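J.: The lines below spell out each chain.
There are 4 protein chains.
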Amino acid sequence: MALVSRGSHHLKPGVANSFDQQAGNLASLVRSYYQRGWVPATSSNFSVRSEDNEDWIVISQSGKDKEYIASHDFMLVDLEGQCIQPKGAKPSAETLLHTSLYKNTEIGAVLHTHSLDSIMAAEVLRENGVISMQGLELLKAFSGIETHESTIDIPVFQNIQDMKELSERVLHSFSKSGWPVGYVIEGHGIYTWGKSLAEAKRHLEALEYLFNFHLRRKNHGGH
Amino acid sequence: MALVSRGSHHLKPGVANSFDQQAGNLASLVRSYYQRGWVPATSSNFSVRSEDNEDWIVISQSGKDKEYIASHDFMLVDLEGQCIQPKGAKPSAETLLHTSLYKNTEIGAVLHTHSLDSIMAAEVLRENGVISMQGLELLKAFSGIETHESTIDIPVFQNIQDMKELSERVLHSFSKSGWPVGYVIEGHGIYTWGKSLAEAKRHLEALEYLFNFHLRRKNHGGH
Amino acid sequence: MALVSRGSHHLKPGVANSFDQQAGNLASLVRSYYQRGWVPATSSNFSVRSEDNEDWIVISQSGKDKEYIASHDFMLVDLEGQCIQPKGAKPSAETLLHTSLYKNTEIGAVLHTHSLDSIMAAEVLRENGVISMQGLELLKAFSGIETHESTIDIPVFQNIQDMKELSERVLHSFSKSGWPVGYVIEGHGIYTWGKSLAEAKRHLEALEYLFNFHLRRKNHGGH
Amino acid sequence: MALVSRGSHHLKPGVANSFDQQAGNLASLVRSYYQRGWVPATSSNFSVRSEDNEDWIVISQSGKDKEYIASHDFMLVDLEGQCIQPKGAKPSAETLLHTSLYKNTEIGAVLHTHSLDSIMAAEVLRENGVISMQGLELLKAFSGIETHESTIDIPVFQNIQDMKELSERVLHSFSKSGWPVGYVIEGHGIYTWGKSLAEAKRHLEALEYLFNFHLRRKNHGGH
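Chains as they are written, first to last, in our numbering: chain Z, 1 to 223; chain S, 1001 to 1223; chain D, 2001 to 2223; chain W, 3001 to 3223.
Fair warning: there could be bad hints in the mix.
Pairs of lysine-lysine, DSBU-like flavour, derived with a Cα cap of 30 Å [stated by the list, open to error]: (1) S:1218 x W:3218; (2) D:2087 x S:1140; (3) W:3195 x Z:64; (4) W:3164 x W:3087; (5) W:3195 x Z:87.
I should point out that these hints are in silico values taken from the structure, not numbers from a laboratory.
Being a predicted model, the structure only gives us computed values, none of them experimental.
Assemble the whole structure, with the sequences as input and the hints as a guide.
T.: Pasting the structure below:
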């Protein structure tokens, strides 16, 4: 995806009337992922670009239990990760990993889970810094891929607690090697995104499926 | 199942009043399969023969998310896979794999999933082009089988993106070796069918169970 | 459990007014087990002794899909497995395996599933004709067991399609070796029971848990 | 957590009006854990400190099926495990393992499950009496841990049926080695706790996730 620059046309927060619906849709998806075991307890973060202002991000607040997450557990931040509303809401430490993606592409949603398959894949399948997956029909879930005879490479980054540094390493890598459909942080989890929430969902579920298949193949003595 | 020829007695689309109920029943089943992980994201296709006209097929439209699929995500096509209604609805690329089965047998429903067990079975258990399974009571889920001392062979086909070619290879193989209860496409998923939706459901769940058992047996060092 | 003889005091079928509630409770449990994958498609049978007449059994009818099973999918049979009501309802071929248990003990419920863990356990863990399990706190789920330092032996029988012969072999074995808490049929599934439906449920879930643990231990190289 | 002494200011049982809500919240969580397979049948115990009196504990009654557990399946006990209400309710034999924790710390909730991963972890991963886990982002789910470069040690105790003796061994070990975030009893299950039910939930789900990861890593030949 190409880098974009876009004008800033902030609406007043009080005018933002898509928030509840966007947060509610996202909350519903997150609760579903909790049930799959991808987002234990209060872990993981999820966001969509606001329909009211393209420089605003609707993102889950810090420390909310994902089994029960609802629209009021989300907040609006700007592209620097600063709180717009509700006043005093605490953004997650990883908010920067979300906003830096929105700032540099036209994506509309970012999904981050702690799924064990993504972590195992990084540990078991990584070669030359990427998890390379090919040969499955489901690769066609990624925009632009039209045959199973394709390969996707998911880069793996070392886990560090300095989010600014981590987000810079991620973007630096993407600027050199091109934007992947997602990336994994060692011992931590997966980030993926899409033009819309629907596309990001498709990418996440496809990646989980691909990780799972390649881990099972490895388990059965496959390559 | 024997090949059948049947008269064409098209009703006007507007008269088709079983559509909503048939699509709704099928949608409910598909959502249930989504929860099992057999149809990630927008993958997979499902169809039943219309009760209004035996030359019409009720089939899932292209690109619908299976977690939320509902009756309005289905469409009517004819046996060539051409859209009857709703106007402008886009059939999946794999529609031909469904209609070619309906055209050549008296089946009433076709279920296709991307289940990982079916793909793993094709990779791990295949011998001489088929996955051969025997010895389980659940084999009696297939019409005509009355003892666990039976064997079913599920043929495996190479995945290709040319659906016309693929459907011809499938039918050619069936015309030579007889109709199986289902088949697997490498790295892609499973197709199965039945006289009714209830029978196709029984076949799909039995096949998944059989794949799962034989994979687990293999994992435990069995044959 | 001791053999019992009991007087016969048939009520008229029309008087049986506990049927709906007993069948409904059982149906609810079966749907829950379907969701766990223990009763794929139309497989498996479930029964409770009628509260209206101790010589009547409420049992699932043949061929009902367990995902949707409801009280109207059950029937009343006598201890020979003959239909009492509704008229014309078809008992499962395995009804005899249920009624022969009720006839010879005071149990109130029989649960039979096709769970893969029970089948794998029979294949992987059997020694001298039994699956022997010990050392787990959950053994206390079985009536009369008060410490984890206990052992239960689950006998395994060969699968045959002659239900009369099979039920005789089962009862003959029990009369020699004492009544176990359940038994497994090779490549088929598990039978367990209890004084009440609640106890049978506790036994089934404990057995599944024990099978699963011992299979996992075996997988990790344990004994 | 430091030991605390606190004044006793018993309210009359009839005044306890938080009971229903606290028991209801806990019941809802337990039903959710049942669905994950962590609390088969009637096993496991769950408790929270009463909001009406810090020397009262809301705890599940003995022998209740966890699939259906509701607020009326709980009871109030004092810190010696004696029943306060409802009159005649039977506390679980393991009540002492709960109350001894409340007596010696300021925790507000104790969760105990029979999860197979906790038991397998004790069997497969234990070294020098503890399950040692490190390197995962989810370690930050534990209060006071701020980086994945941390280690938690979960002590493992031998299973015995004398609850008084077991609870003394547990507390003696904690007084020597410091309070862990939870402990495992061999062949039995896990105990964990937190200042609030929310924190205990976070701890339990994080521990299950960590066990699962380390078992999978071991399975893939990792250390």
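J.: Would you list, in rising numerical order, the hints stated earlier that this structure does not obey?
T.: Result: no hint breaks.
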